[in-house]
Amino acid sequence: MNAPHIAAARFVGQRLPRKEDARLLTGRGSYVDDVVLPGMLHVAFARSPIARGAIKSIDLAQARAVPGVRAVYTADDLARFNIDMVSFFLITPPPGPKVYPLAKDRVAHVGDPVAMIVADNRYIAEDAAALVAVEYEAEDPVLTIEGAKSGARVHPDVESNVAQVMGMPIDPDLEKIFAEAAHVVTGTIKHQRIAQSPMETRGVVFAKQGDEITVYLSCQSPHVAARILALDFNLPQSSIRVIAKDVGGGFGLKTQPWREEVATIAAGLLLNRPVKWIEDRLESLTTSNLAREQEFTLKLAFAADARLTGCYGDYALNNGAFPHAPDCNVAVMMFMWTPYKLPRFGFMATGWHTNTIGLGGYRGPWAIESLAREAMLDVAARQIGIDPVELRRRNLLAAADQPYTTTMGLTVEDATPLECLDNLLKKVDVPAFRAEQVAARKQGRYLGLGIAVYIEPTAASGFPVLASDVANLRIEPTGKVTAILSTHSQGHGTQTTMAQVIADRLGVPFEDISIYEDDSSRGGFGPGAAGSRQAVVGGGASIRAADILVDKIKRIAAHLNNANPQDVHIEDGMVKVAGVQEVTRTLREIAEIAYGDPTRLPHGMEMGLEAQYRYSPPPMTFTSAAHACIVEVDAETGFVTIKRWVASEDCGVMINPAIVEGQIAGGLAQGIGQVLLEEVEFDAQGNPTTVTFKDYMLPAAVDVPEFEYTHICTPSKSEGGFRGVGEGGAIIGPPTLVNAIADALEPFGARCLELPLTPSKILQLIEAGRSNAAA
Amino acid sequence: MSEHPIDVTINGQKHSGRVEARRSLCDFLRMDGGYTGVHVGCEHGVCGACTVIVDGLAVRSCLMLAVQANGASITTVEGLAAPDGTLHPVQQALRDEHGLQCGFCTPGVVMSLAALTAGNEKPSVDTLMAALSGHICRCTGYQGIKRAVRRLAGEPQPSEHA
Chain V
1 MNAPHIAAAR FVGQRLPRKE DARLLTGRGS YVDDVVLPGM LHVAFARSPI
51 ARGAIKSIDL AQARAVPGVR AVYTADDLAR FNIDMVSFFL ITPPPGPKVY
101 PLAKDRVAHV GDPVAMIVAD NRYIAEDAAA LVAVEYEAED PVLTIEGAKS
151 GARVHPDVES NVAQVMGMPI DPDLEKIFAE AAHVVTGTIK HQRIAQSPME
201 TRGVVFAKQG DEITVYLSCQ SPHVAARILA LDFNLPQSSI RVIAKDVGGG
251 FGLKTQPWRE EVATIAAGLL LNRPVKWIED RLESLTTSNL AREQEFTLKL
301 AFAADARLTG CYGDYALNNG AFPHAPDCNV AVMMFMWTPY KLPRFGFMAT
351 GWHTNTIGLG GYRGPWAIES LAREAMLDVA ARQIGIDPVE LRRRNLLAAA
401 DQPYTTTMGL TVEDATPLEC LDNLLKKVDV PAFRAEQVAA RKQGRYLGLG
451 IAVYIEPTAA SGFPVLASDV ANLRIEPTGK VTAILSTHSQ GHGTQTTMAQ
501 VIADRLGVPF EDISIYEDDS SRGGFGPGAA GSRQAVVGGG ASIRAADILV
551 DKIKRIAAHL NNANPQDVHI EDGMVKVAGV QEVTRTLREI AEIAYGDPTR
601 LPHGMEMGLE AQYRYSPPPM TFTSAAHACI VEVDAETGFV TIKRWVASED
651 CGVMINPAIV EGQIAGGLAQ GIGQVLLEEV EFDAQGNPTT VTFKDYMLPA
701 AVDVPEFEYT HICTPSKSEG GFRGVGEGGA IIGPPTLVNA IADALEPFGA
751 RCLELPLTPS KILQLIEAGR SNAAA
Chain H
1001 MSEHPIDVTI NGQKHSGRVE ARRSLCDFLR MDGGYTGVHV GCEHGVCGAC
1051 TVIVDGLAVR SCLMLAVQAN GASITTVEGL AAPDGTLHPV QQALRDEHGL
1101 QCGFCTPGVV MSLAALTAGN EKPSVDTLMA ALSGHICRCT GYQGIKRAVR
1151 RLAGEPQPSE HA
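The listed protein sequences derive, respectively, from chains V and H. Position one of the first sequence corresponds to residue 1 (this note's numbering), numbered consecutively onward. Position one of the second sequence corresponds to residue 1001 (this note's numbering), numbered consecutively onward.
Quick caveat, the hints were computed from the structure, so don't treat them as lab data. Be a bit skeptical, because a hint or two may be false.
[Said to hold, decoys possible] Covered stretches of chain H (in silico footprint by chain V; criterion: 3 or more residues with CB under 8 angstroms from a CB of chain V, positions within the stretch not fixed):
#	segment
1	1013-1020
2	1030-1037
3	1125-1137
[As the list claims (entries may be wrong)] Ranges of calculated distance between the beta carbons of each label pair, as one might list FRET restraints:
#	chain 1	residue 1	chain 2	residue 2	range
4	H	K1014	V	G68	47 to 57 angstroms
5	V	R382	H	Q1068	30 to 40 angstroms
6	V	P431	H	P1083	19 to 29 angstroms
7	V	N234	H	P1123	25 to 35 angstroms
8	V	E706	H	P1083	33 to 43 angstroms
9	V	K761	H	E1020	41 to 51 angstroms
10	V	Q612	H	Q1068	46 to 56 angstroms
11	H	P1123	V	A400	53 to 63 angstroms
12	V	K176	H	H1044	55 to 65 angstroms
13	H	A1082	V	A65	27 to 37 angstroms
These numbers were taken from a predicted model, which means no experiment stands behind them. The C-beta atom is built at its ideal place from N, Cα and C for all residues, glycine as well.
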C-alpha cells in the first residue's frame, strides 16, 4: 500500500485554488469573535502590575459597583472546580508549579491574572477591571537565566528554579576527543524571546445547552482542547464540545487552552450564561505564552580533514513562570545532529523558571538546534579555513550512509540533505557570487551568502497524543462525499489538500468533496496541527478510508452486473464496469442502492457507503532541506537587505505545491523576523516594554523577499508518500540568514551569534571589528 | 458615557444607531452592523486587518470612532463581491495567487487594494506595494499578495532566477 498513486493522480500535485478562500476573501469566515449568543457576557482581566510578590488584599467593591458588571471573580471563586491545568502532552499530574487560572496568594509575572470581570460588554468589563484594587507586597523579581541560578525561588511550591535538567557534564571520552582534535571550535548562541503573534489573538466563547458544554475556541485542534478541558475540569470528555471553525493562525501558541480560556469557562459555569473572552493585542504581547529565550554554548571537535569527531552542548532555557510545559526542551538535543555524521555528542540541558510570562509552543520548538549547529559550522569553516559548503559535504548523511543511527538513537532513513544541497547549488552559482562579493567589497559594499541544511523529523508518532489521526468518509446517498477528519487548519488549507487526496483515491471530482474538521463532537480524536504532521497522518488516514469505500463500491457494482470487482473502475464520479459491453453508473446510483435497497447488495454486506480509518504513520518521517540566502549589509547604517533566497527541499509527494510553498514562505518570513526584528523585552522590574506592534516589530511586506523554490520529491514510507513541511521554514530560515550576515561581515571578523541582529547590533559588530583591526 | 445618534450607509444599506462616543468604528461595524468580516487585529493602527473604505478612502476602523463616521458611506469586505457571488478583481487575484492562508489579515489587505484600484485607477506596483506596508500577514510571507499586486497593476510576474 506504500506505493503512492502518483501516475493516476489528477489532483494530488496540482496547484489548485483553495476551497477555504471564497469564504475568507468575502468576510464570511467564522472566527471565535464572530460567535454571538443571546445573553452573552464579556470578560476582562485585572492583571498584576508587578512581577513578583504576595497578594495582601483584593478590594472588589468598586469594580462590582459599575453598572453592567455581572460578576467579579478571584481564585477563591474558582476553587470549587479544583482545576488541574494539563499540558499538551497530557502528563498528569503535571510537573512543576501548581498552575491556577487566576493567581492565588502570589503573583509570578507582570500580567498574572488576579481577578476577572464579567460584564454586559467588554468596554464595561475593562472599566471595572481598572477599579480592582489589589495591595501587593512586592519582591525583587528573577528575570533572566543568570538571575534564576542565584535568585530567590520563583515558585514556593517548587524546590528550586530548575524546571527540568537532563544530560551530563562532559565525560572523559569526550574530553579525549577534544584533546585529540585537530580543530576545536566554541561559541555561544543566544536567542531572544519571541511573541508568536498570530493575527487572530486567543479567544473563547462558553455556552451551555442542556447538559452539554459548548466551547468555541481559537485553537489548533478541537479534539485536543476538548480532551484537555475535560481533564482540567475533571469532566467526561464527551460533555465538552469544542468548535473551532476558522482560526487566524496558531503557530504553536494555540496547542492548548491556558489560564484565561479556562477561567472564562469556569465563569460561564458559575453564571450559567454564555461568556466570551477575546484577548486584545496588549494581552497577546504581554500575557500570551511566549517562545524561545535560550542560550546554547557549543564545543565542536574536528579531525584534520574537517570531519566532525565530537560535540558538547550546554543549553539553558528561560521558561518563565507558567510555561505550557515546564521542561528543558530536550528535543533540541534529540534532533540537533540528525543531518550529520557525528560519532559522539554530550549535553546538559536546563530549563529555568523566572518571573516572566511562561513559554508556549512555537513553530519548530527545537529550532535552535539548527540555528546553533549551522551557525557554528560556519564559524568552524572560517576557523579551519575550509569552504562552508565543503565542510557540510564532508559531514552530511549521504544516501549510502542510511539507515543511520544518530548518537541520540534516532534511526534516519530516506532523508536527502545532501541531495537538497546539490539541487540548491544548481540554482545558486557560488563561484560567481564570490567574485561579485570580492568586487563589491572593493567598493565598500558588503555582500554575504548563507547556506544552511537541515532534517526535520515530521509527523512524529511516538508520543501518545500524536500517535494517529482518523478519517471518517461517507459517500452520501446523493453521491457527494463528506469527510470528517481529525486534522485542523489555522491557515494550513487542509480542506483543500485532504480533498485533493480523497478525490484522487476515490475517483471523484474535487468539487464533490466537503471536509469537516471543526468540531470535537463530529469525529474522533486527533492532535490537529502539531509537529508538521497533517499531510502525513491525515493524508494517510484519508487514503486508507477511501480504499475501504473503493473496495465496497467495486463489490457492489460487480454484483449488480455479475462482473468481477477487478473490472470496476471509478473515474470522475462514474463507476465503470469493463466487459463485452461497458456499463457505467453514477456514484449516486450506487449510493442510492447502498443506502436504500439491501436486496441488490451482495449477500451479507452492510448497508451504506461509510468508512473510518485511524492511521498511525512510521515513528518519524524525515523532511530535508537546504537553503541559500544572499544579503547586503549597509556598513554605515547596519541595515540588512535580503537580495535573494532559494529554498531547496524534499517533502516527499507534494499534495498542492502552492500550499507547500506557502508553508515554507510563511516559516521563512517568521525566521526573518526572528533574526532581524522581533524581541520581547522587559525592564529591570520585569515590565514588558514591547507592548504594541510599534515596539514588537513583525516583518512587513518590504522585509520579506520573494522566495525561489526547487523541489525533490522522494516518497516517504508513510501512506501516500507525503512528508511534513509546516515548521521547516521557521527552522532553517534563521541559520540561513544569520550565516549570510556573518559572511557579509567577515571582513570585520564579526561573529553573529546573538539575536536579533538589529541595525544597532550590527553596527556594534562592525565597530568592534574596526577597532580590533586598528589595534 | 454620552450617546450619539448616527446614520451611515454600509455596503449600500442604511444603518441608524445610537453609539457611545468611545465606540470604535470597527466595533460598531462588527457588533451593531453584523459585518464580522471586519477583523480586529491590534486596535492600535498597525496591523491593518480592520481596514474598510469610508467615503472612498481606506481607513483603519480601529482608529476611527463610530460617531466620526456619521453620514459616511462605508464599504466592508462583505460589500465587494457581485450579488451573484463573482469575486471583486482584488479578491480574485488573491485567490488565484494563493495570497492568503488563515484569512484573518485578508479583509484588510483586500480593502486597501480595492480602495487604490477603484474606478479607473491603475496604480503602479510601487504604489500598491507601498500600501502593503500598512498590513501585517503572519502566514504567507506576503508571496501571493505580491503576485496579486503585480496582476492588479497589469505587470508580469518575475521570471525564475537563472
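The hints, checked one at a time:
no. : hint                                   : verdict
1   : 1013-1020                              : violated (count 1)
2   : 1030-1037                              : holds (count 5)
3   : 1125-1137                              : holds (count 6)
4   : K1014/H <-> G68/V: 47 to 57 angstroms  : 29 angstroms, violated
5   : R382/V <-> Q1068/H: 30 to 40 angstroms : 59 angstroms, violated
6   : P431/V <-> P1083/H: 19 to 29 angstroms : 59 angstroms, violated
7   : N234/V <-> P1123/H: 25 to 35 angstroms : 59 angstroms, violated
8   : E706/V <-> P1083/H: 33 to 43 angstroms : 36 angstroms, holds
9   : K761/V <-> E1020/H: 41 to 51 angstroms : 45 angstroms, holds
10  : Q612/V <-> Q1068/H: 46 to 56 angstroms : 55 angstroms, holds
11  : P1123/H <-> A400/V: 53 to 63 angstroms : 55 angstroms, holds
12  : K176/V <-> H1044/H: 55 to 65 angstroms : 58 angstroms, holds
13  : A1082/H <-> A65/V: 27 to 37 angstroms  : 52 angstroms, violated
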